[in-house]
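> Order-wise, the sequence lines are chains A and B.
Residue numbering for the first sequence is 89 to 600, as defined by the working numbering.
Residue numbering for the second sequence is 1191 to 1486, as defined by the working numbering.
Quick caveat, the hints were computed from the structure, so don't treat them as lab data.
Please read these numbers as outputs of a predicted model, since none were measured by experiment.
Wrong hints could be hidden among the right ones.
To be verified - Taking lysine-lysine pairs in the DSSO-like style, the calculated list, with each CA pair at most 30 Å apart, reads: (1) A:K533 <-> B:K1394; (2) A:K212 <-> B:K1434; (3) B:K1394 <-> A:K424.
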Amino acid sequence: MSYKTDGSKHIGKDSLIGIPRQQTNPSRWSGKGWDAFVGELGSSGIDVVTEPSKLSLYRSDAGGVATGSCHGVVIARSSEMIADIMRAAQKHRIPVTVKGGGLTTEGESVAFGGLQLDMRGMSKVINIDREDLTVRTEAGIYWHSLAESLRRYGMDYLSAPLNMTSSVGGTLGVGGIDVNSPRLGCSADQAVALKVVTPRGDIVECSEEDNRDLFELVLLGYGQFGIITEATLRIRPFTPITMHYFYYSSLREAMEDLKMLTREDAADYLGILTMLDRAINLLVAFDSDEREKMFFSNWRNKIRGHGEMGFAVRTAAHYLLRPWKLREALYLLDRKRTLLPALSPSHHIASGKIVDRSVVFSRAVWRFWGGRQMVIPDLATSEDKFVDAILKGNEVCKKYFDHYTLYCVGIKLHGKLPRYELSCIPPDAQDFAYGCEFEPMLEGKTYSRDYLQSFKNEIYDIGVEMGTSYYRFGGMMKGYIRRVFGDELVDRYLKMKEKADPSMILNRDVIF
Amino acid sequence: MLSCPVWHNTGDPFLTFCGRARILQSSTEENIRDSLNACILCGSCEPLCSYDINTVDRTIDARSGSGERTGGTPVTVPGARANGKVLLANSLILNDDTILKRTLEALGEEWSVFEDNGEDISASLEAGNQVDNYRVNEFIDMLSTADEIVTTDGLIFRVIKRFMPELNVMGLGERMITRSVLEEMIGPEDLYIIDSRTYHSDFKKLASIYDGLRQKTGCMMNLDLNRVATPSGVTIHNRNEDKKLVDPARQVAWILEGRPAKRIIVEKIEDREPFSGYPADVLFITEILEDNGNLG
Ligand SMILES: Cc1cc2nc3c(=O)[nH]c(=O)nc-3n(C[C@H](O)[C@H](O)[C@H](O)COP(=O)(O)OP(=O)(O)OC[C@H]3O[C@@H](n4cnc5c(N)ncnc54)[C@H](O)[C@@H]3O)c2cc1C
Ligand code: SF4
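Using the sequences and the hints given, assemble the complete structure.
Written out as structure tokens, the structure reads:
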């Protein structure tokens, strides 16, 4: 079978073998009861934005593939306001779709009719406790803005997605993977307590001690069981980091080394970033000189990655013997030339260390992988399945695109927490899970949505076939959820959802 | 959006550059007029724009498109030329003999004030009026014979960079930093307030220069984690307005949060006022030379 990537003909013969595209682009809600709903909100002093020009801001998410149009937008200002909205929405059966940073890529934060609730209006840091090492913040805040406030007091969050504009609330419901997740776990596991507005409009404070059922349902819960309006998160003292890269030409070897280093807690930050499957970069970084020293005395010799020079020589030899792959060689060279300096810009380096690594990495992510359309299917697996699943995904990438990147990290688990059920954490993962994003470089080319969807489906199908999960799952889950997790588990959750949200209005079409 | 002061003050995504850009994809400029007018042209969004858009120029162009046409009032006699090294001092500096004297002393002997500071042009740009092309051309033409230019108005700096990028122009802060003398004058207890308009107009170059100063002196700066300068929101033209979407008191409180400064050094003279209510000495950049006994 042949796939063209030149923009001319993009429907693969076997496209849409997984789910039909419309699963991620549900039909628009009819609008029944909207006027009465808006009237009721108006009488409570809640302003609903309905000017079509303004609503266009909410047409899509970072993925840029799913598009929808809501009937109106409310910019969230307080838990009480959201509670009023949810009570009225239950009464009038109005769908409410919550948007934080809107960095979903499958349309999960896009409203296909009904009300779009923009959480970014709740972006205040409420209290930083340096003794307890916690921060209380409104949940619409971008992680980046949170980092900004924490830094004024020499503090930092534990782990957050590597992008500038995901919000705390959106991330706690999805997962949140960072290059320190092998050590610290996902962002959701940093939460100590939450303020949640339930789908029925109750305001509930919950934690592992109080209202634990709700706490566990909301964390990694895809916004199904409540809207997070405030969060108390663990924090730590800020440290600049020292970073090293080790280069591989074998994806398998790099992944095996990643697993070994993760298991052995050999570094503070670990991740794989590839250019195709030819130049595989294992990123290893440290918060302290002691940890760095320990790595070099205990682990450096046990991994197979090369330093930059060694790798350059080997790669040059590889391409000299394969002159017909000159274009690929040039691509790699160009990528290396532009990407590596972006990962260590001089104004973020002090005494040889990277200061504000989250900014540096996030900006590089946007610059090199961002675009008007972003297609980033992913898989989350147990340790045993990691290598095979990612190698299969790599073959799918090759089949569809000339250029792509894989980004892999380990995720430390904190025992068998109830929140891991029906989540991005694969059911068979013990101690650690592993995630990989498959990110084609679209490079300004236009691909049909069906082409992109069939690519994603092939990745997601690997998950079904191998019994993995998806670390950023959302929109596509509606089509996949039963196939991945089985009817029994899904029906149990569906029952809980129906009880919590009788009109089934909160974040519809994401997983139910 | 991350660094936009309008966003931080209002929490309203429609009033940001991203908001305007998105709205424009499906509607006309009429629908973004409020948003255009809300922008304080600080340029904080420019270095962060993933599409490398010149956000301030775009905003200026869009809002002057339907603005009133203003002629400007050139203060020079026709045909005047700038020669040698010239300072374009804004009216606040010009009206304060001591500050003007200190500033010229700080720059060095061969510097003189050029009569036409272009303030009418920046006033028009800030008000969203159409600027007479003839006036801008004439202004740039007058400056084209100068060897070096130092500006004290970020919008004028931008205009010169935009229309004659080959001219040797710097903001006052850059000039003082590259003279190196500043390094010994400030230390970890100082908070240095960068003029955001000038800084963002030449961000790629200036980010490293300012970072160098910060690393050498240990001083604090009004920079965020992206090395973007947080503005106070006060400009030479809006100083006396009281209804602003960007509240200077709020901006200043945020700039000072977690930054216990003994001295606040402002690059932009109009920033002295919003910082003056805080328990720290507030000095214009050329005043610190005097404060440290290096002048006079
Ligand atoms: C370029 C790029 C890079 C990325 N890098 C990473 C990465 O390194 N690691 C990683 O883990 N992810 C990454 N992601 C994915 C993205 O960061 C996550 O999906 C994310 O954290 C979502 O946060 P958000 O605020 O954007 O949520 P949104 O996209 O706004 O929402 C996510 C879901 O949660 C719901 N929701 C939003 N806010 C709330 C709330 N307050 N309460 C309840 N429900 C809510 C929404 O309805 C939606 O279903 C990346 C995405 C992109 C586009
Ligand atoms: S120039 Fe300043 S005020 Fe205007 S949109 Fe950009 S950041 Fe906001």
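> Flag every earlier hint the structure violates by its number, smallest first.
Nothing - there is no hint that the structure violates, so all of them hold.
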